[in-house]
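**Q** Taken in sequence, the protein lines are chains A and B.
The numbering used here puts the first residue of the first sequence at 2, with every later residue one more than the last.
The numbering used here puts the first residue of the second sequence at 58, with every later residue one more than the last.
Hints are computed from structural coordinates only; laboratory data are not their basis.
Note that the coordinates shown come from a computational prediction; the quantities given were computed from them, not determined experimentally.
C-beta: ideal position from N, C-alpha, C; glycine also.
A few of these clues could be false.
Claimed, not checked - The following label-pair restraints were derived from C-beta to C-beta distances:
(1) Thr71(B) to Asp56(A): 49 to 57 Å
(2) Val153(B) to Ser11(A): 30 to 38 Å
(3) Phe117(B) to Phe47(A): 20 to 28 Å
(4) Asn134(B) to His77(A): 37 to 45 Å
(5) Gly97(B) to Ser52(A): 29 to 37 Å
(6) Gln98(B) to Arg62(A): 28 to 36 Å
(7) Gln113(A) to Phe126(B): 42 to 50 Å
What the hints assert, rightly or not - Derived contacts from chain A toward chain B, CB cut-off under 8 Å, selection only:
(8) Leu35
(9) Pro41
(10) Glu43
(11) Gly44
(12) Phe47
(13) Ser50
(14) Gly84
(15) Phe90
(16) Leu102
(17) Phe104
(18) Lys106
(19) Pro114
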Amino acid sequence: DQQVKQNSPSLSVQEGRISILNCDYTNSMFDYFLWYKKYPAEGPTFLISISSIKDKNEDGRFTVFLNKSAKHLSLHIVPSQPGDSAVYFCAAVEGGGADGLTFGKGTHLIIQP
Amino acid sequence: KAGVTQTPRYLIKTRGQQVTLSCSPISGHRSVSWYQQTPGQGLQFLFEYFSETQRNKGNFPGRFSGRQFSNSRSEMNVSTLELGDSALYLCASSLVQTGIQYFGAGTRLSVL
Numbered sequence: 002d003q004q005v006k007q008n009s010p011s012l013s014v015q016e017g018r019i020s021i022l023n024c025d026y027t028n029s030m031f032d033y034f035l036w037y038k039k040y041p042a043e044g045p046t047f048l049i050s051i052s053s054i055k056d057k058n059e060d061g062r063f064t065v066f067l068n069k070s071a072k073h074l075s076l077h078i079v080p081s082q083p084g085d086s087a088v089y090f091c092a093a094v095e096g097g098g099a100d101g102l103t104f105g106k107g108t109h110l111i112i113q114p
Numbered sequence: 058k059a060g061v062t063q064t065p066r067y068l069i070k071t072r073g074q075q076v077t078l079s080c081s082p083i084s085g086h087r088s089v090s091w092y093q094q095t096p097g098q099g100l101q102f103l104f105e106y107f108s109e110t111q112r113n114k115g116n117f118p119g120r121f122s123g124r125q126f127s128n129s130r131s132e133m134n135v136s137t138l139e140l141g142d143s144a145l146y147l148c149a150s151s152l153v154q155t156g157i158q159y160f161g162a163g164t165r166l167s168v169l
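If we strip away everything but chain A, and leave its shape as in the complex, we get (with noise of 0.2 Å):
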């Protein structure tokens, strides 16, 4: 049972355009999300963060936004650039980090010239 889903497993988008990646949960003990951007042959390297008593949460170009009610968590990335191709992972936490991460299976990001 998968608790945390990304639907797209791939996104292309135009160099300078916006990026949105999507992150669906089911888990609603989840208090603390995640984003990681991951290159072939290198760890997850983190992106940015919310806590679930914040909708919104901005860091340079990357800005993720929280909806509660839906459960539904999204990564913008304005304005996209090339260094940004890479697979983006979703990632949520219950408060106690009782279970680790848990991650999504990731959506891997094409930014074209």
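Given the coordinates of chain A, assemble chain B onto it according to the supplied hints.
**A** Same frame as chain A, now just chain B:
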């Protein structure tokens, strides 16, 4: 500040053997978690150590074990290797148990 270091980067073993992977966390981080990444299952939580104690464990058989030393360095061990254990094993460290986790580059294990 040095990041999370995992050794070795690549490993080839045969079925039935055992293997030990090592992880050095970021200096000052006391929580170390291990994850397995496979194409089919994605990233799955193995276990987490905090101050030398295993605090949490994922849904993996007892062949998977680990430990943490007083300097926060951690090792994970897989005994009686199976073909299905072929995966990328990732270690992550964090300042507090539920803080942001920072990952190493991983150890790619191939079981033949």
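**Q** Next step is simple, just say for each hint if it's right about the structure.
**A** Status of the hints after comparison with the structure:
Between Thr71(B) and Asp56(A) the beta carbons are some 51 Å apart, a value that agrees with the proposed interval 49 to 57 Å. A C-beta distance of roughly 34 Å is found between Val153(B) and Ser11(A), which places it inside the suggested range of 30 to 38 Å. Taking the beta carbon of each, Phe117(B) and Phe47(A) are about 24 Å apart, inside 20 to 28 Å as hinted. Separated by about 42 Å at the C-beta atoms, Asn134(B) and His77(A) satisfy the suggested range of 37 to 45 Å.
Between Gly97(B) and Ser52(A) the Cβ separation comes to about 31 Å, which falls inside the hinted range of 29 to 37 Å. Hint check: Gln98(B) to Arg62(A), Cβ distance near 31 Å, so the stated range 28 to 36 Å holds. A hinted range of 42 to 50 Å for the beta carbons of Gln113(A) and Phe126(B) is consistent with their spacing of about 47 Å. For the restraint placing Leu35(A) at the interface with chain B, the shortest Cβ-Cβ distance is roughly 7 Å, inside the 8 Å limit, so the hint holds.
Among the interface hints, the one on Pro41(A) is violated; its C-beta lies about 11 Å from the nearest C-beta in chain B, farther than the 8 Å criterion. Annotation: Glu43(A) was flagged as interfacial toward chain B, and the flag holds, the nearest CB pair being 5 Å apart, inside 8 Å. Annotation: Gly44(A) was flagged as interfacial toward chain B, and the flag holds, the nearest CB pair being 3 Å apart, inside 8 Å. Given hint, Phe47(A) at the interface with chain B, holds; its Cβ is 5 Å from that chain's nearest Cβ, closer than 8 Å.
For Ser50(A), the shortest C-beta to C-beta distance to chain B is roughly 6 Å, which falls under 8 Å, so the interface hint holds. Given the 8 Å rule on beta carbons, the hint for Gly84(A) is violated: about 18 Å separates it from the nearest Cβ of chain B. The criterion of a C-beta within 8 Å of any C-beta in chain B is met by Phe90(A), whose closest approach is roughly 7 Å, and the hint holds. For Leu102(A), the suggested interface contact is upheld, since its CB lies about 6 Å from the closest CB of chain B, less than 8 Å.
Interface hint status for Phe104(A): upheld, as the beta-carbon distance to the closest one in chain B is roughly 4 Å, under 8 Å. Because the beta carbon of Lys106(A) sits about 4 Å from the nearest beta carbon in chain B, less than 8 Å, this interface hint is met. Hint on Pro114(A) is violated. Least Cβ distance to chain B is approximately 28 Å, over the 8 Å limit.
When each numbered hint is compared with the structure, violations occur for hints 9, 14 and 19.
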